[in-house]
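A.B. asks: Each chain is listed here by its residues.
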Amino acid sequence: MADRVVLTIGTKKGVFVADAAKPRRSFALRGPFGPGVPVYSTLIDTRGTPRLYASSCNPFFGMKVLRSTDMGKSFKETKSAPAFPKEDGRALVNIWSLEAGGGKKELWCGVEPASLFRSRDGGDSWDMVSAISDHAHARKWQPGNGGLCMHTIIRDGSRVHLGISTGGHYLSEDGGETFRASNQGIGAGFAPDPYPEFGQCVHKIARHDDAPGRLYIQNHGGWADWTGPGGPRPDIGVLRSDDYGHSWRSIAKGLPSDFGFPIVVHPHDADTVYVVPLEPATRSCPGGAPAVWRSENGGDSWSRLARGLPKKESYFTILRDAMDIDRLQVPALYFGTTTGQLWIGREGGEKWDCLFDSLPPIQNVKVAVV
Amino acid sequence: MIPIASDKLRLHTMGPTPTITILVPGPLRPYCAGAAELSISAHTVRAALEDLERSQSALYRNVCDETGTLRRHLNVFVNSDNVRDLDGVDTRLSPGDVVTILPAVSGG
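First to last, the sequence lines map onto chains A and B. For the first sequence, the working numbering begins at 1 and goes up steadily by one. For the second sequence, the working numbering begins at 1001 and goes up steadily by one.
These aren't lab readings, by the way, just hints derived from the structure by calculation. Honestly, I wouldn't trust all of these hints.
Said to hold, decoys possible - Computed spacing ranges between beta-carbons, pair by pair:
| hint | chain 1 | residue 1 | chain 2 | residue 2 | range |
| --- | --- | --- | --- | --- | --- |
| 1 | A | Asp-121 | B | Val-1105 | 34 to 40 Å |
| 2 | A | Asp-88 | B | Ser-1055 | 19 to 25 Å |
| 3 | B | Ala-1058 | A | Glu-347 | 45 to 51 Å |
| 4 | B | Pro-1025 | A | Ala-21 | 41 to 47 Å |
| 5 | A | Lys-351 | B | Arg-1084 | 53 to 59 Å |
Yeah, the Cβ is synthetic: ideal placement off N, Cα and C, and Gly gets one too.
Taking the hints into account, I'd like the entire structure generated from these sequences.
C.D. replies: Below is the structure:
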């Protein structure tokens, strides 16, 4: 019976694991694991005996995938990490996403430069998924500030949604055999064409398991005052699709900024979605006052959740994978900051407490009840 | 007769393959069964790396990326000289040379 809430926390100096009994009163922290190098992606794999995975971005010795089979008491490298074929000419720079695939051992992995890999043995061996990695658009994608990363992999039966910065949203409806750009309605502020076929700087995509046709995107917004060619592009930063990602429309009205990184959907209500609006220039919350914003009607209106969060003088960033929500009856949100705080938003984000306040800069937070 | 330069080069290339020692830094020893030193035969640093690719593939992946390029934040020394100050991976090796692989300095 699932009775522990487990967090994986990917930081600039390795991965930490925290866990608590279901009431979530206090979390015990373990780590850091790994050789003190950045961890951009983690996965709590709850299929069968739970396994934890973490990427390990070693600037000296290359990329590794770490795996724990004892719920985060120890981690070991898998037998290999994703790697491009020698004749491809590309070299792995980072691992941005790890997701569970079909069966009990399949894993999917999004990397930089933006490409997709699949493992059928729990991460010991990897094959490149050429349908997207060698897509006709692939050599035209451009890196954003964070690098040319494939940061989102969402699977829904034979559908696979991918988020690429900057490439946009790509959709497969045949299990990954073919992909096409699916960016109708997703704007770009940094291209002459405000709505290009591809090349958008999608920051994160989220979906509710029970409503697979409904998806949300946190896109690279912040272009309301743009005065260059094409004119202002307001409200292109937060979007919704109701047709499995074939088309998108803005739901940014009512937010203090349409720029941000993470986007998270409530586990029991596909209409409830959370974002963290940031000032585009500083990547910090408006006025130095952090807040999560919640919509309970699919983005038609938004409310500010900040009880317990600092009221001023806080200029951290919450990165694209640094916010998650657990699946308990009354779920809690969690976010990590670039200044090393890990926050819990109890009662669906109504009340915030700082769980840990001096971790290394946090890049990734995942939660599961196991 | 004194050989001209090209003959010298040919003689050197054609000569017996020198046996050299590779010193493995601590963090990489788990990838070569704990060995601190490896003895191999190679005319150049490139050939030494190619030998590693065949004989110590796990270690090699830590030293070179998929394209065969030496990882950016690693330094390779032949005796006390960084190969960047010599001929890079084409630096020639002589019998008894010691090739040291070291992570670049980092801090801040």
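A.B. asks: Would you list, in rising numerical order, the hints stated earlier that this structure does not obey?
C.D. replies: Every hint satisfied by this model.
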